[in-house]
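Put chain B on the given structure of chain A with help from the hints.
There are 2 protein chains.
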Amino acid sequence: MNVLLVYAHPEPRSLNGSLRDFTVQRLASAGHAVQVSDLYAMNWKAALDAQDSLDPPAEARFNPSLDSKRAFENDRQSPDIAREQDKLRWADAVILQFPLWWFSMPAILKGWVERVYAHGFAYGLGEHSASRWGDRYGEGSLAGKRAMLLVTAGGWESHFGPRGIHGPIDDLLFPIHHGVLYYPGFDVLPPFVVYRTGRIDQDRYAGIREKLGARLDALFDTAPIPYRPQNGGAYQIPELTLRADIAPERIGFAAHIV
Amino acid sequence: MNVLLVYAHPEPRSLNGSLRDFTVQRLASAGHAVQVSDLYAMNWKAALDAQDSLDPPAEARFNPSLDSKRAFENDRQSPDIAREQDKLRWADAVILQFPLWWFSMPAILKGWVERVYAHGFAYGLGEHSASRWGDRYGEGSLAGKRAMLLVTAGGWESHFGPRGIHGPIDDLLFPIHHGVLYYPGFDVLPPFVVYRTGRIDQDRYAGIREKLGARLDALFDTAPIPYRPQNGGAYQIPELTLRADIAPERIGFAAHIV
Chain A
1 MNVLLVYAHP EPRSLNGSLR DFTVQRLASA GHAVQVSDLY AMNWKAALDA QDSLDPPAEA
61 RFNPSLDSKR AFENDRQSPD IAREQDKLRW ADAVILQFPL WWFSMPAILK GWVERVYAHG
121 FAYGLGEHSA SRWGDRYGEG SLAGKRAMLL VTAGGWESHF GPRGIHGPID DLLFPIHHGV
181 LYYPGFDVLP PFVVYRTGRI DQDRYAGIRE KLGARLDALF DTAPIPYRPQ NGGAYQIPEL
241 TLRADIAPER IGFAAHIV
Chain B
259 MNVLLVYAHP EPRSLNGSLR DFTVQRLASA GHAVQVSDLY AMNWKAALDA QDSLDPPAEA
319 RFNPSLDSKR AFENDRQSPD IAREQDKLRW ADAVILQFPL WWFSMPAILK GWVERVYAHG
379 FAYGLGEHSA SRWGDRYGEG SLAGKRAMLL VTAGGWESHF GPRGIHGPID DLLFPIHHGV
439 LYYPGFDVLP PFVVYRTGRI DQDRYAGIRE KLGARLDALF DTAPIPYRPQ NGGAYQIPEL
499 TLRADIAPER IGFAAHIV
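Just so you know, the sequences run in chain order A and B.
Take our numbering: the last position of the first sequence gets the number 258, and nothing is skipped along the way.
Take our numbering: the last position of the second sequence gets the number 516, and nothing is skipped along the way.
Isolated chain A, as found in the complex (with noise of 0.2 angstroms):
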């Protein structure tokens, strides 16, 4: 199979660099093709602007959202943004690895999402009526690819936990599931993180490199979190609110899980 691996972090020599070449090798003696973008050391362009399409518009208004949908279906986007398109078109499964930066992605890696993932691209797609509000959610361009973040953090687990004063870890990392991969249609499996990176000696780093090996040889058999489809029956439209009988008694995050 494909495997694509987004990787953000600036320094090869450290945790993340290990752990990427690690991935990589373990991928490929499967039988696996990657392809990595080593997003600082492509100097990946973080901000969306105008400067995105190869028309940038001279006198009107720029539009996020609209200039990046003419940009797309006229082939007009800039090339570096359709080189990560057709990257992640020929994969069958994505990886996103990052430090965890102040409770999210690396500006450079966020703007990657905002960049690649143009309107008629990852948004924007499929009819809106009573029983149906665009494909997404489950639906999308890329339904049928997985997706798995593997994530180091400074802090310890507990401090992620249920009750730790971060949040717990599954609902900070809940808009990046969610929001951005399944929302273009991704199986999103549960991530791979790796805590209290300042304190890993040798026999940790063994141990992560065991658990690690094991989620990528799986990566293709572990069984998806289980949102809900958008479309599938279980939300109002358009007000896309769960259903009254659907987790009745349940707010929040955790109420998208089945």
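Calculated from the structure, these hints are not laboratory results.
Be a bit skeptical, because a hint or two may be false.
[To be verified] Chain B is faced by these chain A residues, among others (derived, beta-carbon under 8 angstroms):
1. Gly31
2. Met42
3. Ala47
4. Trp102
5. Pro106
6. Lys110
7. Tyr137
8. Ser141
9. His178
10. Tyr195
11. Gly232
12. Gly233
13. Tyr235
14. Leu240
[What the hints assert, rightly or not] In silico DSBU-like cross-links for lysine-lysine, where the CA-CA straight-line distance does not exceed 30 angstroms:
15. A:Lys69 x B:Lys303
16. B:Lys469 x B:Lys345
17. A:Lys211 x A:Lys145
18. B:Lys327 x A:Lys45
In this text the structure is predicted, and so the values were computed from the model without any measurement.
All C-beta atoms, glycine included, are put in the ideal place defined by N, C-alpha and C.
Showing chain B alone in chain A's frame:
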């Protein structure tokens, strides 16, 4: 009072541009001093890297946290970073204004946080002991200042409701409110959110301005979100989990609000 507006939208002739101008005028006419960091206009560098220090490591490997600390302590930070830190020192209140892109802040603003929040400035402060775990979450260099988000979103308000498909807006913003603002000491005010930005006519716009104006008039009177201070007794140290007798039935983000 002094107010810093950090603004992240690429097009001045946008809804965000109008709301920014309105905000600056309203605050100024109330007698406040206002500075604006217009990140796109400043061509703000989004990606944190070794060049953020005037003395980047030549041979040694780049460590985002430790290199940031060294540059901050030795007054060898990139001047764009030092300038923003000075603005934060000057400010009595900070407003972060941005369109919600993929359920978080735009990359350029995330990169402002990552680079301006140096080790020693916004984190890595205070003692770690049996009763304290650093000056953070209610304590820190920015304590005594207020912060508020001014956010625009394309989706409907119901889509961001307690059972809305995107997840509740308060939970989507928690990593910013609690993790980016409360962490270094800000008192965090309830956000001002504009929904369904694609459908704003003159009447709606007038109503939005009126409500925003009232929020700006009350900027220094509005009660902050009552997050629990880390070192105030509610958390076990060093696990940093809520003590068993504190809101015993609650988990997740909401448990950290009194």
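Quick rundown of the hints versus the structure:
Checking A:Gly31 against chain B: minimum C-beta separation of about 32 angstroms lies over 8 angstroms; hint violated. Taking 8 angstroms as the C-beta contact cut-off toward chain B, the hint placing A:Met42 at the interface is violated, the least distance being around 11 angstroms. Checking A:Ala47 against chain B: minimum C-beta separation of about 4 angstroms stays under 8 angstroms; hint holds. With a cut of 8 angstroms, the hint placing A:Trp102 at the interface with chain B holds, because the nearest CB-to-CB distance is about 5 angstroms.
With its C-beta approaching chain B no nearer than about 7 angstroms, A:Pro106 sits inside the 8 angstroms limit, and its interface hint holds. For A:Lys110, the shortest C-beta to C-beta distance to chain B is roughly 4 angstroms, which falls under 8 angstroms, so the interface hint holds. Checking A:Tyr137 against chain B: minimum C-beta separation of about 6 angstroms stays under 8 angstroms; hint holds. At its closest, the beta carbon of A:Ser141 sits 15 angstroms from a beta carbon of chain B; the interface hint therefore is violated under the 8 angstroms criterion.
Below 8 angstroms, beta-carbon pairs count as interface contacts, and A:His178 has one with chain B at about 7 angstroms; its hint therefore holds. With a cut of 8 angstroms, the hint placing A:Tyr195 at the interface with chain B is violated, because the nearest CB-to-CB distance is about 12 angstroms. The criterion of a C-beta within 8 angstroms of any C-beta in chain B is not met by A:Gly232, whose closest approach is roughly 12 angstroms, and the hint is violated. For A:Gly233, the interface hint is violated, the least distance from its beta-carbon to any beta-carbon of chain B being 13 angstroms, above 8 angstroms.
The interface hint given for A:Tyr235 is met, as the beta carbon of that residue sits about 6 angstroms from the closest beta carbon of chain B, less than 8 angstroms. Against a cut-off of 8 angstroms between C-beta atoms, the interface hint on A:Leu240 holds, since the closest Cβ of chain B lies about 4 angstroms away. Distance restraint check for A:Lys69 and B:Lys303: the Cα-Cα separation of roughly 26 angstroms lies within the 30 angstroms cut-off, and the hinted pair is therefore satisfied. For the proposed pair B:Lys469 and B:Lys345, the alpha carbon gap of about 27 angstroms is at most 30 angstroms, so the pair holds.
Straight-line distance between C-alpha atoms of A:Lys211 and A:Lys145 comes to about 23 angstroms, which keeps the hinted pair within the 30 angstroms bound. For the proposed pair B:Lys327 and A:Lys45, the alpha carbon gap of about 26 angstroms is at most 30 angstroms, so the pair holds.
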